[in-house]
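Please model the complete structure; the sequences and the hints are all you need to start from.
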Amino acid sequence: MKTGKFLSIIALLGFSVSVMATSVPEDKIDTLRLAPINVEPTPPAMQAVINTDVKQVRNYPMQPPVIPHKIDGYQIDLKVNKCMQCHARTSTGHSQAPMVSVTHYMDRENNFLADLSPRRYFCTQCHAPQLDAKLLVENDFVDIDHLIKANAVKH
Amino acid sequence: MLAKLFDQLKLVWKVLRRPSVHYSLGFLTIGGFIAGIMFWGGFNTALELTNREEFCIGCHEMENNVYQELQTTIHFSNRSGVRATCPDCHVPHNWTDKIARKMQASKEVWGKVFGTINTREKFEAKRRHLAENEWNRLKANDSLECRNCHNFDYMDFTRQSKRASQMHSTSLASGEKTCIDCHKGIAHQLPDMAGVEGF
Chain A
1 MKTGKFLSII ALLGFSVSVM ATSVPEDKID TLRLAPINVE PTPPAMQAVI NTDVKQVRNY
61 PMQPPVIPHK IDGYQIDLKV NKCMQCHART STGHSQAPMV SVTHYMDREN NFLADLSPRR
121 YFCTQCHAPQ LDAKLLVEND FVDIDHLIKA NAVKH
Chain B
1001 MLAKLFDQLK LVWKVLRRPS VHYSLGFLTI GGFIAGIMFW GGFNTALELT NREEFCIGCH
1061 EMENNVYQEL QTTIHFSNRS GVRATCPDCH VPHNWTDKIA RKMQASKEVW GKVFGTINTR
1121 EKFEAKRRHL AENEWNRLKA NDSLECRNCH NFDYMDFTRQ SKRASQMHST SLASGEKTCI
1181 DCHKGIAHQL PDMAGVEGF
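Quick mapping for you: the protein sequence lines, in order, are chains A and B. When we follow the numbering used here, the leftmost residue of the first sequence carries the number 1, and every step to the right adds one. When we follow the numbering used here, the leftmost residue of the second sequence carries the number 1001, and every step to the right adds one.
25 Å max Cα-Cα, derived DSS-like pairs, lysine-lysine:
#, chain 1, residue 1, chain 2, residue 2
1, A, K134, A, K55
2, A, K55, A, K70
3, B, K1162, B, K1177
4, B, K1122, A, K82
5, A, K82, B, K1126
6, A, K82, A, K70
7, B, K1126, B, K1112
8, A, K70, A, K134
9, A, K79, B, K1139
10, B, K1102, B, K1139
11, B, K1126, B, K1107
12, B, K1112, B, K1122
13, A, K79, B, K1122
14, A, K149, A, K55
15, B, K1162, A, K70
16, A, K82, B, K1177
17, B, K1112, B, K1102
18, B, K1126, B, K1102
19, B, K1102, B, K1122
20, B, K1107, B, K1122
21, A, K82, A, K55
22, B, K1139, B, K1177
23, B, K1126, A, K79
24, B, K1139, A, K82
25, A, K55, B, K1162
26, B, K1107, B, K1139
27, B, K1162, A, K82
28, B, K1139, B, K1126
29, A, K70, B, K1177
A few chain B positions that, by computed beta-carbon distances, are all more than 12 Å from chain A:
#, residue
30, N1051
31, G1058
32, C1059
33, M1062
34, N1064
35, D1088
36, Q1104
37, E1108
38, V1109
39, E1134
40, C1146
Simulated from the structure, these hints should not be mistaken for laboratory data. The beta carbon of each residue, even a glycine, is placed where N, CA and C say it ideally should be.
This is the structure:
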């Protein structure tokens, strides 16, 4: 038993030494922060959220549409869901906002509920307002429509 | 003892009733006028003192709950640097309204003594009730306090977002709705809104 413990301690020590030896090179650490790990860079100025009220095209049919307006201070907690002041079925008359689609009233067995489904309650889990910021990471997503069109040209 | 006091009061009354021999009528009127101003001014100063934010957040009930929440909103810090303080939204600037509100405020001193909201839990439990008092007040005075700073006549719809101008040029312009109908929770967190119109 005692030797077992001793051996595992040795193994652990050896492992941690090997981790230190193969640590990530410095220029690979500062990927997104754009500064060495021991330096606190001045954060960039906060960007204003796009508030044009123009709906954006979805990249695929099941995508949660991005929010075309600002949502500063909109309270979403157990007490109240501010988004539903405009997006609930009964509110769209006065707000002229699109109603949350029927999927927001469905539970995972596809039963329709009378009220918002709990799994769709916290809107900002899936929907986000947008910034007019430059991409930090290259995105090579291609819309399926482009693929189809590209194929159509070849024929 | 009581009889003696009564006698003294009688004497004072007699002096007061006697026509003035030593002071001219002019002195009395002008003196009275000045005294009146001083009294009125003092009263006003006392009101001004209780009309400052430091006074409001002197009570931990106000400081720990609503004041903390206010600090994260646009009415605390914004690009224009205009700051809305508690009395800007909660005590009417108009003189008569001011006094009426102060009389109601005595209820708050009562609440302080008996601790109706002296913990966060008690505050949250009572919050819907307190908020409703404020909504009713703002609804009744057509959101007077908001309009002290935000004047509808000078709103430039072309500079507002589409959602805002759409609403302001219809329901607000027609007088069908007032600011507080649409802008609840602009300065503090909202209570449980179940059953509130529009939610």
